[in-house]
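K.L.:
The chain contents come next:
There are 2 protein chains.
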Amino acid sequence: MATATPVAATSDVDLGPATALSCRECGTRFPLGPSFACLECFGPLEIAYDYSGYDTEELRKRIEAGPASIWRYAPLLPVPADVAGKPNLNPGWTPLVKADRLGAELGFTAQLHIKDDSGNPTHSFKDRVVACAIEAARAFDFTTLSCSSTGNLAGAVGAAAARAGLRSCVFIPHDLEHAKIVVAGVYGGDLVGIEGNYDDVNRFCSELIGDPAGEGWGFVNVNLRPYYGEGSKTLAYEICEQLGWRLPEQIVIPIASGSQLTKIDKGLQELIKLGLVEDRPYKVFGAQATGCSPVAAAFKDGRDVIRPVKPDTIAKSLAIGNPADGPYVLDIARRTGGAVEDVTDAEVVEAIKLLARTEGVFAETAGGVTIGVLKKLVESGQLDPAKETVAINTGDGLKTLDAVAGTGLTATIRPTLESFRAAGLV
Amino acid sequence: MATATPVAATSDVDLGPATALSCRECGTRFPLGPSFACLECFGPLEIAYDYSGYDTEELRKRIEAGPASIWRYAPLLPVPADVAGKPNLNPGWTPLVKADRLGAELGFTAQLHIKDDSGNPTHSFKDRVVACAIEAARAFDFTTLSCSSTGNLAGAVGAAAARAGLRSCVFIPHDLEHAKIVVAGVYGGDLVGIEGNYDDVNRFCSELIGDPAGEGWGFVNVNLRPYYGEGSKTLAYEICEQLGWRLPEQIVIPIASGSQLTKIDKGLQELIKLGLVEDRPYKVFGAQATGCSPVAAAFKDGRDVIRPVKPDTIAKSLAIGNPADGPYVLDIARRTGGAVEDVTDAEVVEAIKLLARTEGVFAETAGGVTIGVLKKLVESGQLDPAKETVAINTGDGLKTLDAVAGTGLTATIRPTLESFRAAGLV
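Protein sequence lines, in the order shown, are assigned to chains B and E. Taking our numbering, I'd label the letters of the first sequence as residues 1049 to 1474. Taking our numbering, I'd label the letters of the second sequence as residues 1049 to 1474.
In case anyone wonders, no lab produced these hints; they're calculated from the structure. Just so it is clear, the structure is predicted and the values come from calculations on it, not from any experiment. Wrong hints could be hidden among the right ones.
Since the list can't tell identical chains apart, any single copy or any two copies may satisfy a pair.
Stated by the list, open to error - In silico DSS-like links for lysine-lysine, alpha-carbon gap of 27 angstroms or less:
(1) K1134 x K1435
(2) K1146 x K1134
(3) K1146 x K1435
(4) K1358 x K1146
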């Protein structure tokens, strides 16, 4: 296992309040660099910050006066203070939708909100994490931005690299659907098809990082992963600020690797520690598709260990059979009194239609998983509809059209009033 | 021709600063209602406002303190003051992208910007106009939102109606591509296929408005058109505010019916009159696809009359062969010293790729038309690259994937370093 690539000289690295890399397991610290695993215990590395100089109310004002993007939270991210002036996609500050009609259908008496991340530049939450990774890539003088991907991430990396003027080279399984290849390739970077499945692509990327051929390459979800992951914290920041600097009482988050859920919890904890929100209980719920639900299975069984599965679900962007952050997700769900639940593909499709019909939000399959699980949690009494709740839609239905391909015309008529009346729509 | 549907009692209609409907040709005034053509001369009706009570600096502050959507400009739109609190899609406040890399490729020495309206909720500028139409629909107690459409508008109407809790019934040609049917139908409204072409659909809708079967129906682009059109003004407002309350020196806008271009000009003129921007010359340029370029042809020939054409272009969302506002577009281009230009479908595809490669913005074909025309205008000396310029991308490339379907993999390799090196990418 490649625990670390050669670390660039980091003494002059300006990544704002980030001061070091810290092992989530053993706490050992390392200088900021393109490393992702602890040299002592192989645990995952996280960013350590110095937030000690912040006055709460000054910080709040500074954030509120900031740009309508994740960069309003630059003081809390591993990015330089002048990040908003650099060429990047400026994702974030997506709508928090008051979902009154969906809430009524699900029996909510408290406010239900949808955090709709399809509003990002390439229409998924991946723009948040890639935006942070690209600042790290600039700091470490990387010239090529790379990743392994089966969809959303490829487009997010291609677009972000184009805007930043970096080369991109993205690796995907060679037999991906044509539409996904088009969306990933249109930004003009190199798009390499690997003869193999996603696991083969990942293995190849790990090899490439240790090879001279990969020198100067930043793999957003490998050697830049600690920086990349921090982008997900901004979902927590935005939700709380959009609620008027308040924690939601319940929050439902989809699980792929589990990174997003753990980072949202980290973000909420940071806001509490910084005094930006009042400390009060909140419950975190995780959502998986039944066809790839190793974390939900462990939660229901009361296990701490995640048993890897072979994914079989239409929710491709959540189809990680061996989620690296699964154990942390279990910890958070249990610590906060939440749960991890799963829904079938049929329920995913129904939930996509339910959200579209009630709120005009067309979610990708991952969003269908989240809304389907939200419904199931209410019905099973695990989530309280009398408490303020936020569910996250991480991407856009335009990217997973096949899931609702059965949607058709209500009627076909001749262009006459007679024919229209006969159709029985009035 | 149906000049007006029975006008609802409008004395108690609250549409903010809107006071009446006014004929663009003869100036005759009518009460606010679901009317769209002058009873005297058949000219198009526009909204008349009372902006007389506004103090410039108070208005500016009020706008700047408003929501990150078109509703920050509620004081200048035909909507009630409390519009932001009603259930709607809250479109607008989309990014104004500093397009330095595209500018460099095109030889700009002044700043080039892309106003990227793919950031709207259903990823096209149509959300702006539909959001205004829906407020009029509420004011006139309509219970069904309707339109004729070949694509973007159907989705925008379906989504907005779903959020607002109104019924929707959208009419489209029955043989539309399946993906477009899915996108329009997913919001759960009625979607009726008409056996005929888009013209047949339009004719049918006009008939339906005059028929009891259409009672209580608001057709956003017919009997609500005066309100609907005003949504496009917000593009002008946002561009100027995002420039720091300054007019751009040059602006390039795609032409379908020509409504968007004329409303943007109207918006710029309003900002000047209100004192929100300094009055200085600006040039307006119109962009068409060669396969549907009746306005560009008239401009080049020095004609005032638009000769209708049969559209034949991949830019379907601009394919209106007899653009209603064509004569007004000619007036504006000539008055401001701009031009109307057109590009071939091959140039459209190249422009989509150019914008994606340089700025990470994936535009639909209409955006390709605008960027292609921008390039041609610079090359032909009609647009000055030493002057600050804004070009508008009105929609998202995910909706017109076929245009760039030729995009493929750079290379296909086995998952080995040897195979990667042999591909010649490093």
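K.L.:
So which of those numbered hints doesn't the model satisfy?
P.N.:
4
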